[in-house]
Every structure is written in C-alpha cells, then in structure tokens.
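Note that the protein sequences, when read in sequence, are chains Z and X.
Oh and the first sequence: position 101 is 101 in this note's numbering, straight run, nothing missing.
Oh and the second sequence: position 73 is 73 in this note's numbering, straight run, nothing missing.
Please keep in mind that the hints were generated in silico from the structure rather than gathered at the bench.
Don't take every hint at face value.
[What the hints assert, rightly or not] Listed next, the in silico DSS-like pairs over lysine-lysine satisfying Cα-Cα at most 25 Å (straight line):
no.	chain 1	residue 1	chain 2	residue 2
1	X	28	Z	228
2	X	27	Z	91
3	Z	228	Z	120
4	Z	94	Z	120
5	X	30	Z	94
6	X	30	Z	91
7	X	28	Z	91
8	Z	2	Z	94
9	Z	120	X	28
10	Z	228	X	30
11	Z	94	X	28
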Amino acid sequence: MKSKFLRGMSHGIPICLGYLSVSFGLGILAVNKAGLSVFQASVISALNLTSAGQKAGIDVIAAGGAIIEMILLQLTINIRYSLMALSLSQKLDKCFTTPHRLLASYGITDEIFAVCSAQKAPLTPAYMYGMIFISAAGWIIGTALGAAAGELLPASVSMAMEIVLYGMFIAIVIPPAKKQHGVLFVAVIAAALSVMFRYALPVVSEGFAIIISAIAASMLAALIFPVKDVEEGAAT
Amino acid sequence: MSLAVYIVVMAGVTYLIRMIPFTFFRKKIKSRFFRSFLYYIPYAVLSAMTIPAIFYTTHNMWTAAAGTAVALLLAFLEMPLIVVALAASGAAFLLSLFM
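Looking at chain Z on its own, in the form it has when it is part of the complex (with noise of 0.2 Å):
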C-alpha cells in the first residue's frame, strides 16, 4: 500500500513540476484579470484541478459572466476527462471500489491519465493518490506563488519550464508508437488533424479541435489496426 503510493508519486514527479510552472502563469491570471485573491486563487485551483478549464473559468468570472456560460465553458474544454475516466475505467484493479472511484475521479487530469494509461500493471487506488497527491501539491503551490509574487521566476526560466509537460507527452507516446504501427498512425494522424484545426479552421477552439483530432484518428485506427487480444490485455 505504501510502497504503492511512494511510486505513484515517483512517477507524478515531472507532472508536479510542470504544473508548477504552469499554475504559477494562472495564479498571475487570476489576481491580475479577476481581481481575486492569493487564497481565492488557491481555492480555484484546489477544486477543478484543471488549465484549460479554469483559464476559461476565470474569464467568465472577470467578465461577470452568466452561470450558463460557465457551466456550458466547462463541459466542452473538460469533456475529454470522460474519455479518459471511461479507457482508465477498464484498467483499474480489482480493489478500486465505489468510495475510492469517487475520491480518484478528482485527479484524472491529462498527465496523470497519461500515466496512468502507460502503466502495464492495473491501477491500484494508492499508486493513483501517490500521483495525484503530488500533481496536486504541485498545481495548488504553483497557483499561489503565481497569485503572491507575481514573477518569481526569470522569464526564461518560466518559459522553458512550459515545454516540460510536452517533453512528458513525447516521452509517452514515441517508444510504443516505435513498435507498434497503430500507435504510430494514431499519433500521425491526430498531431494532422490538430495542426489542420490551428491554421486552417482556428474558429474550433482548442478544446474542441483536441477532442474532434482524437476521436477521428483513434476510430480510424480502430478500424485499420484493432488490437489483438495481448495488447489489449497490456494496455486497455
């Protein structure tokens, strides 16, 4: 049980920095454009555990926003964390009961659905605490440091810690995508689609134009290259 949470946490290590540096941009984001406060901020970012989302979330509130507009801004830049919640559903460990679902369905996030979804064995509820614990620590002290202080960090410092969660996406995807063509074409055809959306058809927004990439490839994939049954075995 320990030794499980100390290597969810291990691995949630470079979330937690990468989070730093991007939290401590929200912080500065929310004192700045919606006036809110050091513990304000900190609230936020306790709560939704999210960037996109809760860049999105502060606009609305600066801009005395509608509840409607809110609730319908959090539903399409955050719907992907059903897909995610719904693939790590079928890998999780037979001890990962109702109450543990309900705490652990707090912190599928990106990154930790990343890897999460890497991982061979099935998740077990304290490796995913571990990770979320760390993730988490890391996204609330990063939002208040940003809120307090404003710039902490030099500039390019702060910059070059941005391409850290990226650097993890990269590490995630290539050695698979190395072995198996699937992956390959997935990853391809997705990072297409995305780049096709940015230029061609900007009016998508982000959020969307992510889902819309992801679920066309991956059904495109499944179609070409379903898996056999070893692989869904390791992976699924």
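Once you have looked at the hints, place chain X on chain Z.
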C-alpha cells in the same frame, strides 16, 4: 453573481465530468472496435495536444523546436519520462541563453 457560486458551479461540473464515467462504468467492453478505440485514445489525445502547441510553449519557435527535437530523440532511445521532460526544458533554456 457571487464568486462562491461561480467557483462551486465550475468545480461541480468539472468533477461530475470525471466522476460519472469513472465510477459507474464497470463492465468490460466486449466490442473489439470500441476496445481498440479506447486503446488508441490516450495516444491520440496526447499527440493532438502536443502538436502544434509545443512549438508555442517557450514563446520562441527555435527554442521550442530544440526542446522538441531533444524530447523526440531521448524518447526514441526510451529514456525515463522525467529525463525526457527535463532535458527538453533544459535544451530550450540553454538555447534561449544564446538568442
């Protein structure tokens, strides 16, 4: 509208989106197509999130490209996640010192 209402609504919607499928979906999926789809979704989401966004991270296309190249190379060599992630950041930082 009070701030607390905004925060509660925002957090509530975000939590439900994560919680409902995670908690109430218990069956093992039988359809081979759907299982394949769920197998590929993580890689597709990560790839779509990374490209082209990674090239805008450092606010300089060249340092971001250097970080991306280092990440791709080390990932191809199957280095641990933390090594790949920090090396990408380190490469972008080092190059930014010369620009």
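Exercise. Regarding the pair residue 2(Z) and residue 94(Z), is the alpha-carbon distance no greater than 25 Å?
Worked result: Distance of about 18 Å is within 25 Å: holds.
Problem set entry | Hint consistency between residue 27(X) and residue 91(Z) [alpha-carbon to alpha-carbon, up to 25 Å] | 11 Å, holds
For this session: Starting from residue 228(Z), check that the Cα of residue 30(X) is at most 25 Å away, please.
Result: Distance ~13 Å between residue 228(Z) and residue 30(X) Cα, so the pair holds.
For this session: Measure nothing beyond the straight line between the CA atoms of residue 120(Z) and residue 28(X); if it is 25 Å or shorter, mark the hint as holding.
Result: 17 Å, holds
Exercise. Is the Cα-Cα distance between residue 28(X) and residue 91(Z) 25 Å or less?
Worked result: 9 Å, holds
Exercise. Between residue 30(X) and residue 91(Z), is the straight-line Cα distance small enough, at 25 Å or below?
Worked result: 14 Å, holds
Exercise. For the pair supplied as a hint, residue 30(X) and residue 94(Z), is the alpha-carbon distance within the 25 Å limit?
Worked result: The given pair, whose Cα atoms are some 18 Å apart, holds under the 25 Å limit.
Exercise. For the pair supplied as a hint, residue 228(Z) and residue 120(Z), is the alpha-carbon distance within the 25 Å limit?
Worked result: 16 Å, holds
For this session: Verify the proposed pairing of residue 28(X) with residue 228(Z), using a straight-line Cα cut of 25 Å.
Result: 16 Å, holds
Exercise. Holds or violated: are the alpha carbons of residue 94(Z) and residue 28(X) at most 25 Å from each other?
Worked result: 12 Å, holds
Exercise. Straight-line Cα separation of residue 94(Z) and residue 120(Z) no greater than 25 Å?
Worked result: Measuring from Cα to Cα gives roughly 15 Å; hence the hint holds.
Checked against the numbered hints given earlier, this structure breaks none of them.
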